[in-house]
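> Listed here are the chains, written in short residue letters.
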Amino acid sequence: MIETRMLEINNITKTYANGVKALNGVNLSIAKGMFGLLGPNGAGKSSLMRTISTLQQPDTGSIVFDGTDVLTQPNELRQRLGYLPQDFGVYPRISAYDLLDHLAILKGLSNKAQRKEAVDGLLAHTNLFQHRKKAVSGFSGGMRQRFGIAQALLGDPDLLIVDEPTAGLDPEERNRFHNLLVSLGEQKVVILSTHIVDDVSELCANMAVLGNGEILLQGNPLTVTEELKGQIWRKVVTLDEATQLESQLAVISKRLFAGKTVLHVLAPEAPEGFESAPATLEDVYFSTLHRSRANQAA
Amino acid sequence: MLLAMLRFEWRYFVRQPSFIVTCMVFFLLPFLAMVVDQVQIGSGGNVLFNSPFAITQSLLILGIFGMFMVVNFVANTATRNDINLMAEIISTKPIKPLGYNLGRFIGAYLVCVTVFAMVPLGLFFGSIMPWLDAERLGANSFALYLAPFLVFSLTTIFVLASLFYAVAQQFKSTMAVYLSALALFISYVIAGQVFDEPDQRSIRALLDPFALNTFGEYARYWTAFEKNSLLPALDGFILQNRLLWLAIGSVILIVGGGLFRPLSLSTKKSKTLLKAEAIDTTLLTKNFQHRTLTSNAWAQFTSRTRFEIKQVFLSPAFLVLLLFSSFQLIANFFEISGMFGTPNWPLTQTMVSLIGGSFSLMLIIVITYYSAEVVWRERTVGMGDIVDSMPVHNLTFWLSKLVAVLLVVIALYVLGTVCAIINQLLSGYSNIELGQYFIRLLYFDALPFCLLVLLAFFLQAISPNKYVGMLLFVGYFFVSLAFSQLGIEHNMFNFGAGPRLQYSDLNGYGWFMQTQHWYMFYWLSLSVVLGVLSFGLWQRGPSSNLKQRLSMLGYQLGSKGWAVATVALLCFVGSGAWIHYNTKVLNDFYSQDEILDFRADYEKKYVELELQAFPSVTAVDATVDIYPSERRIEASAAIKVVNRSSQAINRFLVNLPQHSRDVSVTIVGGQLGEVDEKFNTAWFEFSQPLAPGEERSGVIAVVREHKGFKDAGEDPTLINNGTFIDNFALFPSFGFNEGIRINDRHERRKRDLEPLQRAYLLEDSSHYNESFFGPGVEFIDFSATISTSGDQFAIAPGYLQKEWQQDGRNYYRYEMDAPMVNFFSLMSAKLESKKEVYKGIDLEVYYHASHAWNIDRMLESAKDSIDYFQQAFGPYQHKQLRIIEFPGYRGFAQSFANTVPYSEGIGFITDLRDPKDIDPVYYVTAHEVAHQWWGHQLNAANVQGSAILSESLSQYSALMVMKNKYGETRLRKFLTYELDRYLRGRSSELLEEMPFMRSENQQYIHYQKGSIVMMALEHELGETALNQALRGLLEEYKFRSDLYPTTLDLLRYLNEVATPEQQTTIQDMFAQITLYDLRATAVESETLADGKFKIKLTVSAAKYSADGKGQENEQPFAQDVEIALFSADPNDFGADNKVIYQGVHSLQSGESTLEITVDTLPTYAGIDPFVRFIDRDTGNNIIKL
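Taken in order, these protein sequences are the chains called A and B. Counting from 5, one number per residue, gives the positions in the first sequence under the working numbering. Counting from 14, one number per residue, gives the positions in the second sequence under the working numbering.
If you're looking for bench data, these hints aren't it; they were derived computationally from the structure. A portion of the hints provided could be inaccurate.
[Said to hold, decoys possible] Derived DEER-like restraints, expressed as beta-carbon distance ranges:
(1) A/ASP202 x B/GLN302: 24 to 30 angstroms
(2) A/GLN90 x B/GLN302: 20 to 26 angstroms
(3) A/VAL266 x B/PHE21: 42 to 48 angstroms
(4) B/SER493 x A/ASN299: 55 to 61 angstroms
(5) B/ARG319 x A/THR19: 36 to 42 angstroms
Just so it is clear, CB atoms sit at the ideal spot from N, CA and C, and this is done for glycine as well.
One chain only, chain A, in its complex shape (with noise of 0.2 angstroms):
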């Protein structure tokens, strides 16, 4: 399969005034589509994210967006641009459909009557039409999120970079903000960052795992779980067991199931005690960070 490389990223780093290194030599490359891009709180994602919605100048490093300099040319890429920022307010006393009106107008939609039908349509698939003429301070949580969405799909941008977009949404609006997101994807590079590795396995073709500002992970899902196949292990054990096995072996993860703590462990050969178990992207997550924090400690 032959992929146009829509936006290359080289060698990005930065560090904050604070002294905290946010990014360290990031590289990728991202065709059209969707890019799912994972990381825990604090692994440099908003970062990132901000650089490439020319929010933030790097230390170092350069990224070009279909021929555009985003570094250089800030001004010629947000004319392309989407971006919803993982948290943001709105301003006071002002209506969902006239703030989205107006950010329009700064988008570009100049046109009075392409304008009212982006709006209105925008709204529509958010699905806060009903409720545009309420103040946008006054909205929950979660529609006030469905509003980012709908100001970052304005002026139908080549580039869109959501940054934690399902955060507060009910399942159904996750569904039909992801079902909104595949039917937009196949035109543009769609970013999306979060944590929650289920958002990426349902609609990324590629995707990439960030720790510690450090990409260390990248390439398609469905690739990346299969390399891991037949290396996962699992064992139900009690609270103590699981201290004590967290010791001795390679576990990527531990969770719950209806009371009881499921172990995962990464390993060529099952342990003792242990059996199979089918790879997930979740597994390829966590046995990525627990490598990264391995590699940090050794």
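Given chain A, work out where chain B should sit, using these hints.
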């Protein structure tokens, strides 16, 4: 619980940045006030920097600012749980409300006290700074700072904390607390301006929660000695006031503070659920994928601007701002009072100045707040990331936000204009000059603030967050206040500033239009540069540092941006060069310090000439051509000079006038030498010395003109309409110029000058042959030919002999037939006139067409004065009396021979419609007419007390005319004002108060004390005897140039008509500083069998003698004092008041009880009601039955 909560509050606050910042502010403000000369609070003159008075004053004034600090902490404490969403957690804990609430309150209170304790600390550290002048500091002690802090600050903060805590508890809203603070502040300011009558002082002292008026009343007449030595103590007014407010504070806290109320959630927190409408599913098919287009900047800009304006103008804060501003302005309207509390008409020029004055400081706050708020709006509300990633150019954001803030500034001025016009219409004033409102408010007032907005935006753009930006801007503002202190006085170095407009109805904008154009162009150019940089460096995204933005500057500006910046920079440099050329090359510019240094150098160089003789002028025939529109005067004068000294004069010093060229002095037998450029002086050398008594003739000539424009020190004497210049300013003067000497004793000491002797000793008869105008100024023969442009007339003293036109110019020939002092005015203006012939005297008033209200009153006063003075003192020496209005650049009336120039700022614009008010027009006119006798017929010797003979006698004469017209009861109000001003005048004496007869040109003595003393004399000796004495004095010295009278001569004539007892009293008045304390302490009435009433009045009396520094010693009192009973309040000037009883009673020191039997029942009783004693407090002289 209580202690735990208290500890929690304490630990919570001391870690907040707001605590640290307010501590710094409350430390630095008093610290700076202590160490920076220009912003001294309460000290100055003989009052030491760290005197108890100055420290108390500082604490009290900062206490008002402290209100906003208290609001911050207390409101935070009371509403913190709700705001930080902790309420649900806290309310579910098992807490006893009283301990919890009281603990929090006391904790917050202690935090406020701690912050405010920075004030005395800052003052103390300021006072030990090594560069302070040690002579102006007293011994430091702990008590100086502690006593006022304990007495005033602790209680005031408690009252405020209680009040705000209660409001916060009741409304659960920070906004409500801030509003209540604002309301308190507004009502405080308004109350202060509404209740400013002298008889309302004690009520104000009692009710002032900040105790500023209380202490003001307590220390009202403190002399320098008392200010330096007395600590405020808990007694009298202070005790009553503090007890009252402690009680009020406690009640508010207990009743409104909800101390016992169980903790609960505030009800309004729960959100109303949104009701959904039915979904229109057809919308889902709509195509929302319309593409972003390029080049839509205009649509973005208009939408963005509309949006920003809505955000600003529809916010509650803006409404509060408008309300606050209009209140502040309206409060000022109450204060448009001229002299003696009588209001002036609300002229447009006055209203505009008021608007400018009341908004200037507030605009700094507005700009600081709104610039930060608007520039950082997206970041603050959390939309920053979304909006910043939109395809919108920085310029659009910057410009739309700028427009919104500029509109706030302009909206305030529009609001001010509307309020002012309503006020004008309500006052029945109809000459509303919309053009003046527009030009002055927008171009002269608003524009500089708009430029400051650009500066504020620039500072915000380069700051990492809004607080740093605000700090930078406020920091800049405070530093700019100190610019003059640092020697930076030229407006070219003070962003947005230009020469300050003084508007005159006569002369319009004068030269200020030109300077304003240039300075505004200059600053606007710089602002454009700043503006370009602002949007070039505009912050997009949450944390892009300045370095990175600088690297993108070229990209953001583009070639157009660079071009604009370059052109603007060139304009800035070019106009700067032009301003520099005009103000510093064509004209001289000196800083205040340079001027003082110059004056000191002049004195050092020439003081030895002080007693050296020079020729006196005895005749002047002037030829003066005035070119008003070109601001040029070509003048020459044929003079006669005489040597009055006993030695031959070989040479003398000539001081050349300012702003002049081609100055020449030609006297037979000598010539003017080279000009010393530094001092603008030259020596006149006689080749044949001028022998004693010898008279020679000569010619002096000068061209006065103006080139380019000046930064400061413009010449208000020579202008387009309303030129008014006297001969001292126009022509060269001879001999050492006393007026150049520095008076301020501290400035003298800094420059190694001996303390100044303000006047020669009264007994120094060597100066008895010099007039008080100075040596060499005596009675002359005068005539003048004066010309001006075709649309103006010109006036000099003397009678108009001839009037003609030539080459389109008006010419006048004036000749004076009686001797007049060599002090004359030359005027040229276009004015209306009203003329009248009265008893052979031509009365003329020249006035600006829109200032016609009081012309008749002036004429009436002139006629009454002429009648009284001719009958009492002797004939008027002239056949003409002219009153001429001149522009308000200078604010006095001055009497020249038969000519009285009268500033537009006084008299002409007084609103005399309310008969209850004192009539200052009538009074000032009478005073100036009286100078034709006292000053122009009777001159005075150049020794101590000289102004008593001109000013005090004119005061007396004017008051007698007033008394004949308005009656003695009404004079009481006038004299009460005079007494108050005398007592306040002596409390701010810079050197030493002199006894009456030795006054050293001290205005509070020769005017204010003069009124009281002379009227007391009139009462003591009787009108006839006193006038007889004055007439005798006048007759002896009238028009004499060989020997001038002193106060000793006045005393001599007074003693001639006085009994030995009266002579003692006169001696007391003239030679001592005597103060009295007379009080009416109790009164009872009893109805007698015959229907009459017996009034039992208890009074007390005390007498003190004071030294020049104000230290007082009690003396035995044994004098006759007037007692009166009134049918109505004697303070009510308009009431039809009957004096039921008026009698003289002999009183001794201490209390005495008097019994008076009268036919009708009085309502008020008073001791010395007509103010014949210098009473330290007239407020307690009248008592109500």
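> The structure should be examined with respect to each hint, and the outcome stated for every one.
Here is what the structure says about each hint:
1. A/ASP202 x B/GLN302: 24 to 30 angstroms: holds (27 angstroms)
2. A/GLN90 x B/GLN302: 20 to 26 angstroms: Because 25 angstroms falls inside the window, the suggested range holds.
3. A/VAL266 x B/PHE21: 42 to 48 angstroms: This hint holds: roughly 44 angstroms between Cβ atoms.
4. B/SER493 x A/ASN299: 55 to 61 angstroms: Roughly 58 angstroms apart at Cβ, these two residues keep to the hinted range, so it holds.
5. B/ARG319 x A/THR19: 36 to 42 angstroms: holds (41 angstroms)
Hint violations for this structure: none, all hints satisfied.
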